[in-house]
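As a plain string of letters, each chain reads:
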Amino acid sequence: MRTKIEVNGIRKGFALNGGELRVVEDVSLTVGDGEFVAIVGPSGCGKTTLMNMVVGFVQPDSGSILIDGVPRAEPNAKGILISQQGSIFPWLTVQQNLMFGLNDHPQADKKGVADHYAAMVGLKGFEGSYPHELSGGMLKRAELARAFAVKPEILYMDEPFSALDALTNLRMRNELLRILEEERHTVMLITHDVEEAIHLADRILVLSPRPTRIQAMFKVDLPHPRKLTSPEVQELRVAILHELGVDRNAG
Amino acid sequence: MNKIKESLPAMAVIAILLAAWWLIVAKTHSVIFPTPWQVVTGTAELIKDGTLFTHIGASLMRVGVGFSLAVLVAVPLGLWLGWVKGAYSTLNPLFQILRPISPIAWIPIAILWFGVGNASPIYLIFISSVFPMIVQTTAGVHTIERRYLRAAQNFGVSRRTLFRQVVIPAVFPQIIVGMRIGLGVAWLVVVAAEMIALRSGLGYLIIDSRNAGNRYDLVIAGMIIIGLIGLMLDGVMRLLEGLKSVRWRYAH
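The listed protein sequences derive, respectively, from chains X and L. The opening position of the first sequence corresponds to residue 1 in the numbering used here, with each subsequent residue numbered one higher. The opening position of the second sequence corresponds to residue 1 in the numbering used here, with each subsequent residue numbered one higher.
Hints are supplied without guarantee of correctness; some may be wrong.
To be verified - Heads up, simulated DSSO-like pairs for lysine-lysine below, C-alpha to C-alpha not over 27 angstroms straight-line:
{"id": "1", "chain 1": "X", "residue 1": "K110", "chain 2": "X", "residue 2": "K151"}
{"id": "2", "chain 1": "X", "residue 1": "K111", "chain 2": "L", "residue 2": "K85"}
{"id": "3", "chain 1": "L", "residue 1": "K85", "chain 2": "X", "residue 2": "K124"}
{"id": "4", "chain 1": "X", "residue 1": "K124", "chain 2": "X", "residue 2": "K78"}
{"id": "5", "chain 1": "X", "residue 1": "K111", "chain 2": "X", "residue 2": "K124"}
{"id": "6", "chain 1": "X", "residue 1": "K151", "chain 2": "X", "residue 2": "K124"}
{"id": "7", "chain 1": "X", "residue 1": "K151", "chain 2": "X", "residue 2": "K111"}
{"id": "8", "chain 1": "X", "residue 1": "K111", "chain 2": "X", "residue 2": "K78"}
{"id": "9", "chain 1": "X", "residue 1": "K110", "chain 2": "L", "residue 2": "K244"}
No lab work stands behind these hints: they were computed from the structure.
With the hints as constraints, model all of the structure from the sequences given.
And the structure:
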């Protein structure tokens with residue numbers, strides 16, 4: 001597998017009351033082309049900062065980030081970020097949102113592409129709706145569709161489904177897996193939900209508390225669709241929770 | 001039916017006030033202060049000789065021109081101040097000094113610069129409504145949520161698309177709020193401005209009715225009409241708040 005994302009020894013700290021708060025400490029990782037890598041860590045450990053550096057919104061203090069072997073420049077449509085709070089524009093309709101990133105297409109094409117992806121995520125019939133008329137789950141679908149519409153090589157997902165209720169969360173995971181089967185992308189997912197990571201990822205990296213570094217790595221060698229109640233999944237879950245310092249079978 | 005029910009208490013208060021007014025004037029046998037009925041007949045008189053609509057038209061024209069000029073200046077300027085840090089730090093202190101000066105205080109200077117024609121009240125309306133709209137627009141830019149700007153950056157859109165599809169629509173609800181405030185102030189100011197030396201407008205009607213024979217029925221008629229038109233103007237502005245593309249901002 002070709003390497004898609006390569007992160008070499010990045011560090012980041014923020015000034016705090018005259019001192020410095022070390023947030024990310026010497027993190028190195030690689031994500032292969034077409035691979036789905038989940039990164040789990042305790043809340044407040046610097047996951048989002050790590051993600052923002054990889055996407056390009058935040059510059060690391062030191063270290064390097066290569067995409068396809070080339071140092072990553074500004075954020076661009078090659079890798080689209082989907083975050084927990086979402087960024088569907090509330091002043092545009094679903095269709096206008098989906099057309100947003102399609103700069104180079106002629107107008108008629110844009111509509112066609114937008115409608116194709118709206119249908120793919122199950123939003124057919126809602127193209128003309130405004131976001132405030134949609135439910136939380138539908139907004140996430142719109143956000144996925146908007147990302148897929150620009151055919152990004154990488155999807156960056158930062159707690160994408162955390163704000164959803166448990167049932168919608170599960171539905172969205174299955175939806176994501178279904179779409180990824182149709183259109184293969186490299187995915188880097190950040191989450192605090194161990195079960196979500198096992199459900200979706202090919203490989204799981206466990207982060208330590210702040211200043212964060214990579215503490216452990218797990219391969220998830222289970223075929224899709226994965227049965228979340230299977231003994232293999234439970235075993236993996238316990239092992240990952242152990243790394244996170246949660247030894248009881250709760251979580 | 002529900003709407004009628006909801007507006008009943010308001011109607012009742014107005015009715016009680018009118019009754020009290022009528023009663024007091026009748027009891028005191030005032031020769032100058034009119035009864036509500038005299039106000040109605042006075043208004044009918046103004047409608048019959050056609051002067052009422054001339055006055056209303058003159059006031060609305062002045063507000064229309066002054067307010068439109070203010071929108072044309074305030075919105076682009078507010079967007080620029082909000083977007084460019086240097087522009088904000090350079091110009092905002094000046095605006096903060098100019099803003100609290102009452103438009104009434106500008107009257108002598110307006111007369112000096114523009115004489116006693118239409119230009120003076122239009123200038124006063126402009127100066128009174130431009131600052132609230134600049135302030136609201138600038139604040140609107142400053143409060144655009146970072147996640148939306150980052151999304152635009154992420155999709156790598158052109159500057160043109162960034163402004164047309166993100167910045168301007170994100171600020172638009174705030175611009176509408178600014179316009180409502182601006183138009184309200186403009187309507188307040190036109191009446192004061194017309195009291196100077198013009199021969200038309202609702203402000204002139206009030207002052208002239210008092211000066212030419214203590215016609216207080218027409219003074220009060222003018223006041224009530226000003227109130228009703230002000231309410232209508234605000235209603236028109238509020239229609240903008242019903243646009244689907246801005247509802248997200250007012251919903252929560």
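Evaluated hints:
1. Between the alpha carbons of K110(X) and K151(X) the distance comes to roughly 13 angstroms, so the proposed pair stays at or under 27 angstroms and holds.
2. The suggested pairing of K111(X) with K85(L) is violated, with an alpha-carbon distance near 37 angstroms, which exceeds 27 angstroms.
3. A threshold of 27 angstroms between alpha carbons decides the hint, and for K85(L) with K124(X) the separation of about 42 angstroms lies outside it, so the pair is violated.
4. About 26 angstroms separates the Cα atoms of K124(X) and K78(X), which keeps this hinted pair within 27 angstroms; it holds.
5. Proximity of K111(X) to K124(X) is assessed by CA-CA distance (about 13 angstroms); at most 27 angstroms being required, the pair is judged to hold.
6. Under the criterion of a C-alpha separation no larger than 27 angstroms, the hint pairing K151(X) with K124(X) is consistent with the structure, at around 19 angstroms.
7. With a C-alpha separation of about 15 angstroms, the suggested pairing of K151(X) with K111(X) holds against the 27 angstroms cut-off.
8. Straight-line distance between C-alpha atoms of K111(X) and K78(X) comes to about 21 angstroms, which keeps the hinted pair within the 27 angstroms bound.
9. The straight-line distance between the Cα atoms of K110(X) and K244(L) is roughly 22 angstroms, inside the 27 angstroms bound, and the hint therefore holds.
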